[in-house]
Amino acid sequence: MLMTHNNPVIEVRNLVRRYGRTDAVDGLSLSVPAGRCYGFFGRNGAGKTTTIKCLLNLLRPTSGEVRVFGMDPAREEVAVKSRISYVPDYVAFYPWMTVRDALGYFASFRPTWNSETERALLEQFRLDPRQKTSHLSKGQRTQLALVIAICPEPELLILDEPTSGLDPIVRREFIRTVIGAYQDGDPGRRTVFVSTHLISEFEGLIDEFTIIDRGREVLTLNADAARARHEKSLEEIFVTTLQPHGVTA
Amino acid sequence: MLFQLNYKSGKAVYLQLVDQVKAAAASGALHAGSPLPGIRPLAEELRVNRNTVAKAYSALESQGVIETIAGKGCFVRANHSPFKKEVRRKLLADTLDGAVIQAHHLQIDKADFLRVAEERFDALEHKRHAANS
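Taken in order, these protein sequences are the chains called F and R.
For what it's worth, the working numbering labels the leading residue of the first sequence as 1, then goes sequentially.
For what it's worth, the working numbering labels the leading residue of the second sequence as 250, then goes sequentially.
Simulated from the structure, these hints should not be mistaken for lab results.
Accuracy of the hints is not assured; some may be wrong.
[Unchecked claim] Derived DSS-like pairs: lysine-lysine, alpha-carbon spacing no greater than 25 Å straight-line: (1) Lys81/F / Lys53/F; (2) Lys232/F / Lys333/R; (3) Lys333/R / Lys304/R; (4) Lys232/F / Lys257/R.
The structure presented is a predicted model; accordingly, all values stated were derived computationally and were not measured.
Put together the whole structure using the sequences plus the hints.
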């Protein structure tokens with residue numbers, strides 16, 4: 001399928017995902033243009049991970065539609081996934097693999113793998129390729145996951161609470177790497193979709209965002225417009241929006 | 250060079266960068282011909298989107314504050330606004346209108362306002378001298 005540059009990279013329309021009688025996502029719509037860094041903000045349990053799992057065909061929507069690069073991720077799974085990288089909040093590797101093995105394993109699924117980026121990032125993170133993945137710290141596992149996410153040069157990088165539970169230095173380095181190594185290629189085709197509740201960390205990176213609460217969209221705005229309108233940081237907007245007597249614009 | 254971003258100010262991040270480069274160039278902290286950091290290193294350093302830095306640089310370029318030399322990067326220009334004198338006066342007048350209104354609400358009269366303006370000019374001059382010595 002041909003794609004023009006204006007087509008959104010992610011399109012979610014009236015998405016509903018139920019677990020038993022609970023509506024984890026309840027009629028969510030959003031649209032992410034190419035080349036943007038899109039923030040997906042919500043409290044724990046707001047429905048962020050469920051939405052992301054629907055984008056990745058790890059969960060089937062109860063109703064509504066998701067499109068990634070204009071395709072249905074359930075019907076064209078390989079075509080969609082070959083252009084995406086995903087870093088989940090909890091990263092696990094096969095424990096018997098070394099860092100080198102894990103890199104080779106993930107590279108084997110990918111049409112493209114930038115070995116130069118791999119080398120540079122391993123050095124930057126001081127990851128030893130001979131180390132067993134089971135001996136890595138949480139921060140190192142996340143760093144390795146980021147290397148694995150960036151080397152295939154995907155058009156869409158999906159990050160689900162990527163920095164929660166990491167120390168501040170690792171967090172900063174993580175974000176710098178997304179800005180630096182990931183966006184180094186063709187910037188118009190490097191889209192980031194990041195879900196987080198640690199908004200201040202990503203404050204400068206986000207061009208546009210959606211706040212969701214109880215599975216529904218509460219606010220979608222361009223970041224600069226949001227700050228100008230509310231004269232607040234995105235984090236403060238998030239907090240006041242989700243308080244019982246939320247902000248009025 | 251030191252940039253300070255304030256996300257709480259309500260001011261677009263790229264405009265904060267624009268104003269800080271302009272202030273640094275006016276105060277002599279950045280001389281004509283000084284290089285600006287590249288887009289990637291500055292974006293990484295400030296942890297802002299590259300688009301934000303690129304947008305700030307292109308705004309500075311269109312205002313004649315910096316110039317891009319292909320393959321070398323961005324440099325501060327010697328004062329060379331691309332606008333005619335009357336346009337520059339108009340741009341300044343627009344900015345000053347805000348200050349005049351603020352003065353009214355702070356009960357600062359014209360004479361006092363002009364004294365403050367003179368002080369601010371001198372302060373900038375002083376900074377420039379300090380930067381040069």
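Quick rundown of the hints versus the structure:
1. Lys81/F / Lys53/F: 12 Å, holds
2. Lys232/F / Lys333/R: 37 Å, violated
3. Lys333/R / Lys304/R: 24 Å, holds
4. Lys232/F / Lys257/R: 4 Å, holds
Against the hints set out earlier in the document, a violation occurs for number 2 only.
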